[in-house]
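**Q** What follows is the residue order along each chain.
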Amino acid sequence: MEINIQPLVPEIIMAVLALLLLLLELFVRRKETVGLLCIASVTVAAYYMPQSFGKAFGGMFISDGYSVFFKFLFFINLILTVLLSIRYIVIERVNHGEYYALMMLSTLGMMIMASAGDLIVLYLGLELMALSTYILAGFIRHDIRSNEAALKYFLLGAFSSAILLYGITMIYGRTGTTGIALIGAALAEGTVDPVLLLSVTALLVALGFKIALAPFHMWAPDAYEGAPTSVTAFMSVGPKAAGFAALGRVFLTGFGPLTGEWSVILIVLSVLTMAVGNILAIQQQNIKRMLAYSSVAHAGYAVIGVIAAGAEGLSSMMNYLFIYALMNIGAFAVVITLRSEGFQGESLHDYKGLSRTHPVAAAVMLVFMFSLTGIPPTAGFIGKFYIFKAAVAAGYAWLAVVAVVFSVISAFFYLRVVMYMYMHEPEGEPLTLSLSPAIGLALLITTVMVLIVGIYPSPFLAFARIAAG
Amino acid sequence: MVPLHWYLWLGSVVFAIGMFGFLTKRNVIIMLLSIELMLNGVNISLVALSHYMQDLRGQILVFFIIVVAAAEAAIGLAIVIALFRNKATAHVDEITGMKG
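Line order of the protein sequences matches chains A and B. FYI, the numbering for the first sequence is 1 to 469, going by my numbering. FYI, the numbering for the second sequence is 1 to 100, going by my numbering.
Just so you know, these hints were derived from the structure itself, not from any lab. There's no promise every hint is true.
To be verified - A short list of chain B residues far from chain A (calculated; beta carbon distances all over 10 Å):
# : residue
1 : VAL2
2 : TRP6
3 : LEU10
4 : VAL13
5 : SER45
6 : MET53
7 : ILE79
8 : ASP93
Said to hold, decoys possible - Computed footprint of chain A on chain B, listed as stretches where at least three residues anywhere in the stretch have a Cβ under 8 Å from a Cβ of chain A:
#  : region
9  : 33–42
10 : 59–73
11 : 80–89
Stated by the list, open to error - Facing chain B, a subset of chain A residues (Cβ under 7 Å, in silico):
#  : residue
12 : ILE144
13 : ARG145
14 : LEU151
15 : THR169
16 : GLU425
17 : PRO426
18 : PRO430
From a predicted model like this one, the values you see are computed outputs, not experimental measurements. C-beta: ideal position from N, C-alpha, C; glycine also.
Could you put together the complete structure from these sequences and hints?
**A** Written out as structure tokens, the structure is:
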């Protein structure tokens, strides 16, 4: 029997290079080099991506436009967060090389999740991603907050994957298969029964934990606040996007015949998520925690794309996640620059008068805050616009109205940061920003991209539409 | 021969015990054990289903679950040890540095 491994080439490259990096790290004294090698490895994997289209292992592994779009998103996420980390992990005194290898392995897990054509592969990808991220969240071993973040993330993550497995078991017993497309075919002719509904709910709960949908978001604020800021940026984008990739594939292909049943649950979760994320963000004084609630809220918006379903809904969701990745990592990059030796820089009050002391950093933060609110001409507006457009086209106009109301509420806490930066006098000792060429590059890329996508979005929209098929 | 639904009931009861333990116990080690129970409940159901349907997929998944559970336990215990070094407790109600 001939096995076609062509679709897996980028994953194989990632796995081999991540393990090589782990070995190489023993001999390289300067850990910055490991970071740069990590970026180089990702570029090699990305180079082989266009030739990877196809199916492997009897449809268990699918490389199509949908998965390739997500994989590029994961690569952007990885490259940007590595750029953020290079200086930051020195400040946190955890400058170890395995940090970069873990990020690569986590990204590999996400890639496998996006390509999963079978629930077994999905589970393996999910665990590879999650286990690496648990370690990264607790990477500052001497900091109790980091330990606590890792513990909370780990306990709820392991709990949710057990629920996922129980859902897989029930669907396996009911349909006799674990292939996502085969499940869809088997369900198309059968009737709806309680076992099926229970398994759909179990999968929804488990993936809801991964993308932090309310009421399964409890881990997110603590894990995001306590984890190293660079890891927070990484895990607020990557695992969430991977969760969405799995959600889109499993629910639209596998549970397609049950759309009427699960879309009701998902609508409730979406409204609840937007409410919880936006309203609880208002009272936060720690900017990482505020951004954590904001990322919960953004998952609520992106889920609307899955509810709207079809190529239109999927492409709007993918487009939203792409834009969210840029603006969220950008915002965390600014948060990281405020952290310096002996200064946390996580309180909102630290931003007072930033426009006087550091006008460029304040202006960049302004762009990201506007974009997260969804104010034109930034990318955040385009992302929300197409999500709402897809919702209206699918007959969920009221849901779009609810989402708009919640984005208005979100303006309060995003623009409060802007108000602190521009309308308050600096207080206390003058801030010193810890800048490095790498973080400067990351800030440049994210700012420019947020503005370009905001002003001229058509190529990006077309890319997402082609990818969604 | 033992009917299939006996195994499925056993699996679901073991899973439910694990879930109950996870939600009610406050010691991290017990919570880890509860997660293992949940996974083994899943394993019982999968092996039974796989055997009765004469299909190997279920058993393959069981192997993967066992391997991943081992990795998960290793990482979970490592996190608990790292936490214990900074704050000598394994009780989740005392690990509340962050709130809100």
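**Q** Each hint: holds or not?
**A** Okay, the hints, checked on the actual structure:
1. VAL2: Non-interface label on VAL2(B) holds, nearest chain A Cβ at 16 Å vs cutoff 10 Å.
2. TRP6: holds (14 Å)
3. LEU10: holds (13 Å)
4. VAL13: Label holds. Min Cβ-Cβ 12 Å, cutoff 10 Å.
5. SER45: Violated, because the least Cβ-Cβ distance between SER45(B) and chain A comes to about 5 Å, which does not exceed 10 Å.
6. MET53: It is violated; MET53(B) is separated from chain A by about 5 Å at its closest Cβ, not greater than 10 Å.
7. ILE79: Contrary to the label, ILE79(B) does not stay out of reach of chain A, its closest Cβ about 5 Å off (not over 10 Å).
8. ASP93: holds (12 Å)
9. 33–42: Coverage by chain A holds for the region 33–42 of chain B (5 residues, Cβ < 8 Å).
10. 59–73: Answer holds; 7 residues pass the 8 Å Cβ test.
11. 80–89: holds (count 6)
12. ILE144: holds (4 Å)
13. ARG145: holds (5 Å)
14. LEU151: Holds. Min distance 5 Å.
15. THR169: holds (5 Å)
16. GLU425: Since chain B brings no Cβ nearer than about 27 Å to GLU425(A), farther than 7 Å, the hint is violated.
17. PRO426: violated (26 Å)
18. PRO430: violated (29 Å)
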